[in-house]
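All residue numbers for the sequence shown refer to the numbering used here, where the first residue is 234 and numbers rise by one.
It is worth saying that the hints were derived from the structure and are not from the lab. Hints are supplied without guarantee of correctness; some may be wrong.
Label-pair restraints from in silico Cβ distances [said to hold, decoys possible]:
1) Glu-247 / His-512: 51 to 59 Å
2) His-248 / Leu-691: 28 to 36 Å
3) Val-381 / Asp-306: 28 to 36 Å
4) His-248 / Leu-331: 17 to 25 Å
5) Pro-685 / Lys-334: 20 to 28 Å
6) Ala-856 / Leu-691: 24 to 32 Å
7) Ser-513 / Glu-834: 48 to 56 Å
8) Ala-518 / Pro-648: 47 to 55 Å
9) Val-781 / Ala-856: 18 to 26 Å
10) Ser-316 / Ser-513: 44 to 52 Å
In silico DSSO-like links for lysine-lysine, alpha-carbon gap of 27 Å or less [stated by the list, open to error]:
11) Lys-334 / Lys-376
12) Lys-334 / Lys-388
13) Lys-357 / Lys-420
14) Lys-350 / Lys-334
15) Lys-664 / Lys-681
16) Lys-376 / Lys-350
17) Lys-376 / Lys-343
18) Lys-350 / Lys-420
These figures come from a predicted structure and were not determined experimentally. For each residue, glycine too, the CB sits at the ideal point set by N, CA and C.
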Amino acid sequence: MEAPTRSVSAAVREHLRQLCLQEFPCGTGSWNKSRFLPRTWRTWRELMPREEEAVSPREETVEALLDLVRSPDSPWALLEGSSAEDRFLRELAIQNPLMLKDSFFYSYFKSLRVVDKQVSLVDKDLLKFTKLEELVLSANRIKEIDAVNLPPTLKVLELYGNEVTSVECLCARPPPGLQHLGLGHNKLLGPLESLHVTADHWPNLVSLDLGFNNLTDLQSMIASLSTLQHLRLLVLQGNPLALVPYYRGLTIDSLSRLCVLDDITVSPSEKHLFRGLSHSGDLLAREAQFVVTIGNVRGVPDTSVLDPEPGPQGPFITYSYYVTYHFVEDEEGEGSEYGGVLAEIVKPSPSLERLGEEFPEEVIEEAEDSLESGLTTQSQSGELEESLVSGGSAPLPRLIDSAEELAKLRPLIDPRLCPSPGTVLFSTVRKPWADAIPCNYEMQHTLKDLVPLKAFLLAGTTVTIVEEKILSWPEGPPPIDSSLSAKKGKGEKDKKYKKGRDGKGEKEAVKVQKGSKKKKELPKELLQDPPILRVLGSGMVVLEPLLVGEPLVSTVCNFGLIRTLESDRLTFLRDSKKNKKAKKENKKSTVLMYEGDYQPEPLTVEVQIQLHQYRSAEEALRALAL
234 MEAPTRSVSA
244 AVREHLRQLC
254 LQEFPCGTGS
264 WNKSRFLPRT
274 WRTWRELMPR
284 EEEAVSPREE
294 TVEALLDLVR
304 SPDSPWALLE
314 GSSAEDRFLR
324 ELAIQNPLML
334 KDSFFYSYFK
344 SLRVVDKQVS
354 LVDKDLLKFT
364 KLEELVLSAN
374 RIKEIDAVNL
384 PPTLKVLELY
394 GNEVTSVECL
404 CARPPPGLQH
414 LGLGHNKLLG
424 PLESLHVTAD
434 HWPNLVSLDL
444 GFNNLTDLQS
454 MIASLSTLQH
464 LRLLVLQGNP
474 LALVPYYRGL
484 TIDSLSRLCV
494 LDDITVSPSE
504 KHLFRGLSHS
514 GDLLAREAQF
524 VVTIGNVRGV
534 PDTSVLDPEP
544 GPQGPFITYS
554 YYVTYHFVED
564 EEGEGSEYGG
574 VLAEIVKPSP
584 SLERLGEEFP
594 EEVIEEAEDS
604 LESGLTTQSQ
614 SGELEESLVS
624 GGSAPLPRLI
634 DSAEELAKLR
644 PLIDPRLCPS
654 PGTVLFSTVR
664 KPWADAIPCN
674 YEMQHTLKDL
684 VPLKAFLLAG
694 TTVTIVEEKI
704 LSWPEGPPPI
714 DSSLSAKKGK
724 GEKDKKYKKG
734 RDGKGEKEAV
744 KVQKGSKKKK
754 ELPKELLQDP
764 PILRVLGSGM
774 VVLEPLLVGE
784 PLVSTVCNFG
794 LIRTLESDRL
804 TFLRDSKKNK
814 KAKKENKKST
824 VLMYEGDYQP
834 EPLTVEVQIQ
844 LHQYRSAEEA
854 LRALAL
């Protein structure tokens, strides 16, 4: 159901009613009736002898009434932030209330501010304000304006935060003397909008604000603005066209009379740096460039210390860590050429894809056979439960005992590991655990579709730290009786040792022994289960500063503490066994833990997103040559 239409004049009348200009202490009434008696009664009273000069006890003096509206502690005081016009009208309603007629209001107001009043119609009653010079209609619901209803005396017109879709509606009969036009935060869209900001419609325009719309064609906009001979202040930031790297330089060089661009003064040195860039404006690519950098990840717990030592039949467990983030997808499918080098598009693993499909009968039969054969090592170790809690991939089909269990797994994929609509999920290269995991990640994004890019920057990106756990199992059937294999191994070892003594020397025999030992430590081929993914931390990075002129967003995402005293103690003990030099330091750290000075490091990741901007005309032309 649409809201009822509300006009500007109706909003003005409602505002005057709320000022209570005809109610105490304003207007006329018992509190000041003697001041406004008819002339005949006043003359008659003057002939009567007066016993006292004091005002009647039931009336108030003008000064007392003015104090009631001026004192901030008075219940009749104006609300904080009221305009000077409102204060003047309240005081005038006390001093001379008989002046407050419609003719006075229409001739008195030079400025009207109707802000956030749900106004959707600019009606013809505005023409009654014969001296109106400033009209502010911000934060309303105006979609279109009939310029015929605008007073010709207007010099300032502000329509910020409305729903205007085109400047064309203002061009029918615009106020000829308009000097400032504010249309920021509306819904202006399309290359044709530049046709309506020329000197043919706004010959005296000095200041123009078109910020935070969806304007995309910088070259066409500059060509139209160059006809405005009096233009000195311009705001275009917040539009997709302001994201191209040459935006500020091309605008400054093309509009030589401009003094302020996006609330930043245009300096002579800046004009010199970009001199001549306007000659190549049509050759510059209409695309934005970003560089995403991800640094160190800190505060990650070493989960491997909590796992038991693997047996001869596994599982052999490996952990790796990486960071993901969302970025808007370009039409050309950006990112595919970088797979496995700087970044990769995270695609669902086969196990994740299988969760959304019906499993074939042979897979279920295989799962039943494997269950009967007793190959349930992973389920016994609790990995299935961990994968469900973490929202990671499903384990191998042999661990699923029925189709009902498969159906339960389908909705358990962590949504933080899936890209949002219209974006691609990028990730750093997987790295092993370290106290400070160096991602060393840098990725350049070049985007041509600028309108979705603006929407993405307003929404921000989600950065996620992921732990990937993979269980590996030996391939093939289990080995035969260990005692027989031991005897056989001993006999072969003696033969090789003897052969070494007889022909090739003791050193080579020792090498053979070491080689055989290494072969026993790790099987030649391993079968890997689907990865078990666990989100360690996830949060939003605000990118809106890139829309308002900031070239860089640099932050350290803090996801809080996830390390524990127990896991850190085990990590210190394990490291002390591997590194004897660090053994004393680890002992000191362990003592500090037990003494109460233990301060774990929070989970953090360093993130930078930079909007590429040319710093001179030379740099822009050099990029054009490439």
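So if I understand the rule, the pair passes when the alpha-carbon distance is 27 Å or less; does Lys-376 with Lys-343 pass?
25 Å, holds
Within 48 to 56 Å or not, the Cβ separation of Ser-513 and Glu-834?
51 Å, holds
Looking only at beta-carbon atoms, does the pair Ser-316, Ser-513 fall within the given range of 44 to 52 Å?
49 Å, holds
With 51 to 59 Å as the target window, see if Glu-247 and His-512 comply at their CB atoms.
55 Å, holds
Verdict for Ala-856, Leu-691 (Cβ pair) under range 24 to 32 Å
Cβ of Ala-856 to Cβ of Leu-691: about 27 Å, so the range 24 to 32 Å holds.
Would the hint linking Lys-357 and Lys-420 be met if the CA-CA limit is 27 Å?
Distance ~24 Å between Lys-357 and Lys-420 Cα, so the pair holds.
Are the Cα atoms of Lys-376 and Lys-350 separated by 27 Å or less?
Holds: Lys-376 and Lys-350 sit about 14 Å apart, inside 27 Å.
Supplied distance hint 17 to 25 Å, evaluated on CB atoms of His-248 and Leu-331
Distance hint for His-248, Leu-331 holds at roughly 21 Å.
Assuming the hint says 20 to 28 Å, is it satisfied by the Cβ distance from Pro-685 to Lys-334 or not?
55 Å, violated
Hint check for Leu-691 and His-248 - Cβ pair distance inside 28 to 36 Å:
This hint holds: roughly 33 Å between Cβ atoms.
Is Lys-334 close enough to Lys-376, meaning Cα to Cα at most 27 Å?
Violated, at about 32 Å.
Please check whether Ala-518 and Pro-648 have a Cβ separation lying inside 47 to 55 Å.
35 Å, violated
Hint compliance for this structure: hints 3, 5, 8, 11, 15 are not met, and every other hint is.
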